[in-house]
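Student: These are the residues of each chain, in order.
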Amino acid sequence: MSEDLTRRDLFNKVVRGTVLATMGGGAAFLVQKAHGQVVWQVDATRCINSRLGEVGVAACNLCTTECVVSLSAVRAVNEYSKCGRCNICPAYFNITSAVDEHGYPSQKLCPRDAIIRRPIGKVDPEDPANNFYEYLIDEQKCDGCGKCVIQCKEPLGLGSIVLRVRYDRCVDCNRCAISKACPKDALIRVPVT
Amino acid sequence: MMRTPMCHLDSARWGSRFRLPTLLAFLFLSLTFARLAPAQAIPYQRPVETAPQENTIGGGYKTPPVQKPLPRDYWLQMLDVMVLAAAMGISVWLVLKRRSRKWLLALTTGSLAYFGFYRQGCVCPIGAIQNVAVALTDPKYSIPFVVTATFFLPLVIAVFFGRAFCGGVCALGAIQELVLLKPVQVPRRLDQALGLLKYVYLGLAIFFALRPALARDFLICRYDPFVGLFRRTGAPHMLMLGGAFLLAGMFIGRPYCRYLCPYGGLLAWCTRLAHRGVTITPDKELDCGLCTEACPYGAIDKMRAVRRNCLYCARCYASCPRDGELAHAKAQLVTISAGGSQS
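First to last, the sequence lines map onto chains V and E.
Note that our numbering gives residue 46 to position 46 of the first sequence, counting from 1, and the numbers run on in steps of one.
Note that our numbering gives residue 110 to position 110 of the second sequence, counting from 1, and the numbers run on in steps of one.
Hint data in this document are derived by calculation from the structure and do not stem from the laboratory.
Just so you know, even glycine gets a beta-carbon here, dropped at the ideal spot from N, CA and C.
Treat the hints with care, as some may be off.
[What the hints assert, rightly or not] Partial selection, computed: residues in chain E whose CB lies under 8 Å from chain V:
no., residue
1, 71
2, 127
3, 142
4, 180
5, 216
[Claimed, not checked] If we take Cβ atoms under 7 Å as the criterion, some of the chain V residues that face chain E in the derived model are:
no., residue
6, 27
7, 34
8, 35
9, 70
10, 83
11, 85
12, 120
13, 121
14, 132
15, 133
16, 138
17, 139
18, 168
19, 174
20, 175
Between the sequences and the hints, there should be enough to build the whole structure, so can you do that?
Tutor: Right under this line is the structure:
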């Protein structure tokens, strides 16, 4: 009977060793395959809002409505080096609204008032149209609705505003809820930069 | 075959030849512009064709940096893995050595706070099943070290000590453990039949995860009933499902863990090899059966702990008159009364 017990122990040990070795092998394979951290990101060349050639379509706000975190992890980012710093920015002003007494559109485009407009240097009161303006996006307010992105594109803008995932808010879902809804498959996995 | 690269070379050279004069003209213009700007504005039309740069704008203007918040630091992610390992170590020690339900409850609460509400239920080994399955089969998909470690650590522990992860560490288990107030025994046949569901779920989850990249779906994460509660936001139907599981969990011990958790299936399989697990002191047994009644998970069969079902909750110790805190309390009572009778 004791012999039977030891044989059973031996069998158990062999099986346990095999299982552990298999798990170790699997883990080693996965670790050598891993190349840094990958995160979800919006591909600006696919996103309807920023893709050139998509003109006359309504702004897509699926990034705002589908994201699982309360204020979407996607928001608009102004690539300042590409920004035209226009006097009348089509992304800041609602250019279809009535013109006020100073000659500017009377309404802002952003529903959350997340864009800050400020002049660069001194404004010449005679000719404010030739002054440069800086457009900053308030990260705390923006929810990535894409309205400004689609306006800052040809023919009026230079396409400096794009939608981006803010990595600090993104919870890195296994299958991003936005990517499931996105009609253009614009949410892709990229390495962190 | 050779033409194409040559063409590219040519165009590149043309590009550079053009660029130098343009750049010079640009620089000259920008300098003049900077000089003249205060005196007399140069009239031009907007919208502009090219974006003005720092040197075009002049006046010491600096382009603001584009906000790029980085993801959670790597060392913090490594810390998560270490917390996971440490919590499992403590769970094994508390259950197998200290045999203390009280301290295990403290650990459970701590894990719920850390892995549940602070880490918002991610990354967890249950969902990692799918990522590991995809990474093992898809050559283009890889997972970070943290995910690999999170997936394998509880399995390795299970091979040696049983389901220590389920006991004091898993946030999904912890939230159910804490709401279980009036446990009822599920009939054994029904319990066993429902227990098979988790293997079906495991199979389905792997099947959907292994589909081609665009059709890929992560069922376990999508239908995780508690992650919405941890994040305190989510689709209404998922929040309601979570609430329903918690409501049922007040009477049926850990319904998700026992009948649906696919990782529980893997762990149960691993515990068959475990060489130590929860024991209910057969040497000083009373055969009173209090532990069997106390076990809400049907993990005590014929007065023996069934390792594959045992969720490391330590309720059996707490109910035992010969073990755990109850026994210590009794021992003290006995000595006091003994002292009283002597005097």
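Student: Each hint should be assessed against the structure and marked as holding or not.
Tutor: Evaluation of the provided hints:
At a threshold of 8 Å, the smallest CB-CB gap from residue 71/E to chain V is about 4 Å, leaving the interface hint in force. Because the smallest distance between the Cβ of residue 127/E and any Cβ of chain V comes to about 6 Å, under 8 Å, the interface hint for this residue holds. Annotation: residue 142/E was flagged as interfacial toward chain V, and the flag holds, the nearest CB pair being 5 Å apart, inside 8 Å. Because the beta carbon of residue 180/E sits about 28 Å from the nearest beta carbon in chain V, more than 8 Å, this interface hint is broken.
Here the hint on residue 216/E is kept, as its CB sits about 7 Å from the closest CB of chain V, short of 8 Å. Of the supplied interface hints, the one on residue 27/V holds, with its beta-carbon coming within about 5 Å of a beta-carbon of chain E, less than 7 Å. Hint status for residue 34/V relative to chain E: holds, with the closest Cβ pair at about 5 Å, below 7 Å. Given the 7 Å rule on beta carbons, the hint for residue 35/V holds: about 6 Å separates it from the nearest Cβ of chain E.
For residue 70/V, the interface hint holds, the least distance from its beta-carbon to any beta-carbon of chain E being 5 Å, beneath 7 Å. Evaluation of the residue 83/V hint against chain E yields a held restraint, the C-beta minimum of about 6 Å falling below 7 Å. A least Cβ separation of about 6 Å between residue 85/V and chain E falls short of the 7 Å threshold, and the interface hint therefore holds. Restraint check, residue 120/V versus chain E: the minimum CB separation of about 5 Å is within 7 Å; hint holds.
Interface restraint check for residue 121/V: the shortest CB-CB distance to chain E comes to about 5 Å, inside 7 Å, so the restraint holds. Evaluation of the residue 132/V hint against chain E yields a held restraint, the C-beta minimum of about 5 Å falling below 7 Å. Because the smallest distance between the Cβ of residue 133/V and any Cβ of chain E comes to about 10 Å, over 7 Å, the interface hint for this residue is violated. Because the closest C-beta pair between residue 138/V and chain E is about 10 Å apart, greater than 7 Å, the hint is violated.
Taking 7 Å as the C-beta contact cut-off toward chain E, the hint placing residue 139/V at the interface holds, the least distance being around 6 Å. The beta carbon of residue 168/V is positioned within 7 Å of a beta carbon in chain E (closest approach about 4 Å), and the interface hint is therefore held. Hint status for residue 174/V: holds, given a least beta-carbon distance of 4 Å to chain E, under 7 Å. With a least beta-carbon distance of about 5 Å to chain E, the hint placing residue 175/V at the interface is held under the 7 Å criterion.
Hint violations for this structure: numbers 4, 15 and 16, all remaining hints satisfied.
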